[in-house]
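Chains as they are written, first to last, in the numbering used here: chain A, 1 to 579; chain B, 580 to 775.
None of these hints come from the bench; they were simulated from the model.
Predicted model, so just to flag it, every value in this text is computed and none were measured.
The hints are all genuine.
Covered stretches of chain A, as calculated for chain B (at least 3 residues, CB under 8 Å):
no., region
1, 194-201
2, 225-237
3, 253-266
Capping the alpha-carbon separation at 25 Å, the derived lysine-lysine pairs in DSS-like fashion look like this:
no., chain 1, residue 1, chain 2, residue 2
4, B, Lys738, A, Lys125
5, B, Lys695, B, Lys631
6, B, Lys598, A, Lys125
Even glycine gets a Cβ: it sits at the ideal position worked out from N, Cα and C.
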Amino acid sequence: MSAADHHEAHHQQGFWRTYIFSTDHKTIGIQYGLTALVFLFFGFCLMLLMRWQLAYPGQPIPVIGGLFSDATMPGGVMLPEFYNSLGAMHGTIMVFLGVVPLAVGAFGNFVVPLQIGAPDMAFPKLNMASYWCFFAGGVVMLYSFTAPGGAANSGWTSYPPLSDIATTGQTFWLIGMVFLITSSLLGSVNFIVTIIQLRAEGLSYMRLPFFVWAQLVTAFLLLLAFPPLEAAGVLQLMDRLAGTSFFLPSGLVVTGDVLQVSGGGSPLLWQHLFWFLAHPEVYVLILPAMGIVGEIIANNTRKPLFGYKSLVYAVIFLGFMSFIVWAHHMFLTGMGTTISAFFQTTTMIISIPSVIILTVFFISLWGGRIRFNTSMLFALGFLPMFGIGGLTGLPLGLSASDIPLHDTYYVIGHFHYVVAPGTILALFAGIYYWFPKVTGRVMSELWGKVHFWGSIVCMNFIFFPMLIQGLMGVSRRLYDGGASYDFAEPVIHYNTMMSHAAFALAVFQLPFIINFFVSIKKGKKVDDNPWHATTLEWAAPSPPPHGNFDAIPKVYRGPYEYSVPGAEKDYSPQFEAEA
Amino acid sequence: MQIPFTVEARPDTGLNNAKLGIWLFLASEVMLFGALFSSYILLRVNADVWPKGHEILSVPVAAFNTVVLISSSVTVIMAWASLKMGSLSKGRMYLLLTFVLGLVFMCVKAYEYNHKFHTGLFPSESTFLAIYFTLTGLHGLHVLGGMIVFAYFWGPGSKMWHSEPEHFTNRIEVAGVYWHFVDLVWIFLFPVLYLL
Numbered sequence: 001m002s003a004a005d006h007h008e009a010h011h012q013q014g015f016w017r018t019y020i021f022s023t024d025h026k027t028i029g030i031q032y033g034l035t036a037l038v039f040l041f042f043g044f045c046l047m048l049l050m051r052w053q054l055a056y057p058g059q060p061i062p063v064i065g066g067l068f069s070d071a072t073m074p075g076g077v078m079l080p081e082f083y084n085s086l087g088a089m090h091g092t093i094m095v096f097l098g099v100v101p102l103a104v105g106a107f108g109n110f111v112v113p114l115q116i117g118a119p120d121m122a123f124p125k126l127n128m129a130s131y132w133c134f135f136a137g138g139v140v141m142l143y144s145f146t147a148p149g150g151a152a153n154s155g156w157t158s159y160p161p162l163s164d165i166a167t168t169g170q171t172f173w174l175i176g177m178v179f180l181i182t183s184s185l186l187g188s189v190n191f192i193v194t195i196i197q198l199r200a201e202g203l204s205y206m207r208l209p210f211f212v213w214a215q216l217v218t219a220f221l222l223l224l225a226f227p228p229l230e231a232a233g234v235l236q237l238m239d240r241l242a243g244t245s246f247f248l249p250s251g252l253v254v255t256g257d258v259l260q261v262s263g264g265g266s267p268l269l270w271q272h273l274f275w276f277l278a279h280p281e282v283y284v285l286i287l288p289a290m291g292i293v294g295e296i297i298a299n300n301t302r303k304p305l306f307g308y309k310s311l312v313y314a315v316i317f318l319g320f321m322s323f324i325v326w327a328h329h330m331f332l333t334g335m336g337t338t339i340s341a342f343f344q345t346t347t348m349i350i351s352i353p354s355v356i357i358l359t360v361f362f363i364s365l366w367g368g369r370i371r372f373n374t375s376m377l378f379a380l381g382f383l384p385m386f387g388i389g390g391l392t393g394l395p396l397g398l399s400a401s402d403i404p405l406h407d408t409y410y411v412i413g414h415f416h417y418v419v420a421p422g423t424i425l426a427l428f429a430g431i432y433y434w435f436p437k438v439t440g441r442v443m444s445e446l447w448g449k450v451h452f453w454g455s456i457v458c459m460n461f462i463f464f465p466m467l468i469q470g471l472m473g474v475s476r477r478l479y480d481g482g483a484s485y486d487f488a489e490p491v492i493h494y495n496t497m498m499s500h501a502a503f504a505l506a507v508f509q510l511p512f513i514i515n516f517f518v519s520i521k522k523g524k525k526v527d528d529n530p531w532h533a534t535t536l537e538w539a540a541p542s543p544p545p546h547g548n549f550d551a552i553p554k555v556y557r558g559p560y561e562y563s564v565p566g567a568e569k570d571y572s573p574q575f576e577a578e579a
Numbered sequence: 580m581q582i583p584f585t586v587e588a589r590p591d592t593g594l595n596n597a598k599l600g601i602w603l604f605l606a607s608e609v610m611l612f613g614a615l616f617s618s619y620i621l622l623r624v625n626a627d628v629w630p631k632g633h634e635i636l637s638v639p640v641a642a643f644n645t646v647v648l649i650s651s652s653v654t655v656i657m658a659w660a661s662l663k664m665g666s667l668s669k670g671r672m673y674l675l676l677t678f679v680l681g682l683v684f685m686c687v688k689a690y691e692y693n694h695k696f697h698t699g700l701f702p703s704e705s706t707f708l709a710i711y712f713t714l715t716g717l718h719g720l721h722v723l724g725g726m727i728v729f730a731y732f733w734g735p736g737s738k739m740w741h742s743e744p745e746h747f748t749n750r751i752e753v754a755g756v757y758w759h760f761v762d763l764v765w766i767f768l769f770p771v772l773y774l775l
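With the rest of the complex left out, here is chain B:
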């Protein structure tokens, strides 16, 4: 039994199943983070005092992380482009690079969290820290999820290239769309939490 349009696009929609699926999934993610950002606004508007982000958090560290994450969005595109041009080895190299950049981001995040905990800044300390840890924590889980996906496609998942190269390339594209979203969420988080 073959499910239609797993690889090729359906003519009247111009999409294959996975691409439509990932966009719908991201629509749901927008609602998830949208609800949290709305909560942030509501809590902040109602608060008597609200600290400026840079008084508590380190802007240079977060700026560095922003660069790391944006670079990883470039490398994931390069991975897809390399596969489109038929080179698995280059594609895998860029996948690995994306994974490593994700790892760097997570390590920096772990350093930041650790620093906060050592100076006694826990989520229970204030509403600002509570929403900071919740938003960045949930975003971190999304980064981790993406890293697992890239590790799989770099490793055992890449076997698919030899039997169905187009299907494999589509998978990287879809994973890349997700990765851009994770990147985009951070681009909102950075100013909202660190700068404003």
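So that you can see chain A by itself, here it is in the shape it has in the complex:
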């Protein structure tokens, strides 16, 4: 920590300002990372409870079941209302409190300023405010489990009219979302300004690492797509608290009585506003993951990424297109054929840049001297898994095939392939890759590999059967997993196997958790650039001190100059002048 001593003048702040209410992007990144990992684990636990119910409908959960109250699991048997809450909160927590904060809040915050050679983010105080808004949103979401009637139970999509008349938990959900949207607004403004304004001397746009490009486009999506959901959230809050009827049609009958409201609202309005956010949100989940994979593949193949410029143009185009595909989530709502033709076409077009990105990564492997370390295994695992996720999405993008598949397990299988073995594997790759920059030590390779193989095998046993169940017509959000339907009979027994795979997946996270904490203290110490990487974050000491660099670096070349012919070593860092 000798480098830190140079900066001692800045460091004379107490415990609270240094570790809790810090404005340093690295501390905030770590705060985001740890909080998001806790939420990921929590959201995963909610799913484990649901998977028990799906495998053994109506049977008491051993040991753990007794810990729950009679309002949720009398005698250890899950109530249908609680199952609904678990489903809604699993989705909400995984997306808004787990994956996005980890991908953007943690990796973006820690890595982006380092990769562009900046001393910090452009607005350090806003950065801190962003984290604490996120934290408050998380607390509200957790607290909602104690509300009368439990947490939100109208699905993570919160479709009205159901959500308008749902229990109090839905109000907490909306308030929690307002906090999370505020957090992402503050964060996204900060990221864009940082990337545009604080790039080091010589770091032109076409010399930015792909990860920074991915974060820049992601920030624009968050900035422009989230406000319509905030508007929708405000309207739904008005419906619930002030008795308005934005989403309530006239003459709505609830439990046999006509609802006494002014009426005249449109439930579809919510769907449009929601998916205007939630489709770009899909790319918010996947783009940072692609950024991480790009960095790791270039580094571990020891050659430049094939087609860097195509990557950059593809990711920008993807960002634009993601704003005009949202209604492909709504083919079943009876929209006209002209409108659905438009959204089918844009949906087919948006698959092009995704394919370009994936193809670039695959071709980049060609002829490389690949180092199969843990982070590279996770990055390589991402490629086929995201491939399955993407390809299974095509039938959902076409109205004719989407209508029978809508709201079946096929949809669940599809987007879990994108987000779980896709994004989450990439996020793990990032954790193993940047761990030495954060701590100055590496994580155990052996336990990392156990974690990788266990996770990828289990994930496929969970999600692939979902595709088959969905093709047989089994709907999502069924309390008994479809047992009450005859047509589900040939595939219903998969549920037991899928649940066992989910429990095994939980067991395979233990090596990661132990490895993570043990390596912070006991991992092998390494120098500032253990992977022999080329980008700027490796010019800073590990861990980087307040202000990041001993001297602000200058940039002399592109991001991935590996194995340059005639060079002394097989990597030519951006921060080293020509010999």
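Given the coordinates of chain A, assemble chain B onto it according to the supplied hints.
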């Protein structure tokens, strides 16, 4: 540790950080109000009956408020211009004036709301009133936010003038850009809700 370009502009972008930041923030605000205006259009197009705004709301009161808010956009420019010319006392006076005009706007709005509530016109009454209260309420929160910012710069925030006058002037400019946006939203709200 010094963050670059907090005060001076970056040569290749021609902007300082705060100015780029506020424009991005406003882009997000456009999407927020844009979504609400779109909702308004969709609800109105689908409605069987939709009242004319002036049948329920008072146009003269809102016209007065429009003048108040536009004047406050002028005074905030005057505050910035005075600071540019080196006069803190004049700058602070115009900031105070902007704050007072914001306060007048809010008082008139409170009077209008109060009048509606006393005549039994609540948001739950009709979709028109629902969207009226939502849009003006959200706009009112933005006015309130601006007033808090101006009160801060008039009061404790103005100390910065003595150490970093240029930075302080930039802050007023950025707050002014936000204030113009709040003004602009009202200029859309007035015809949409009261006249059409």
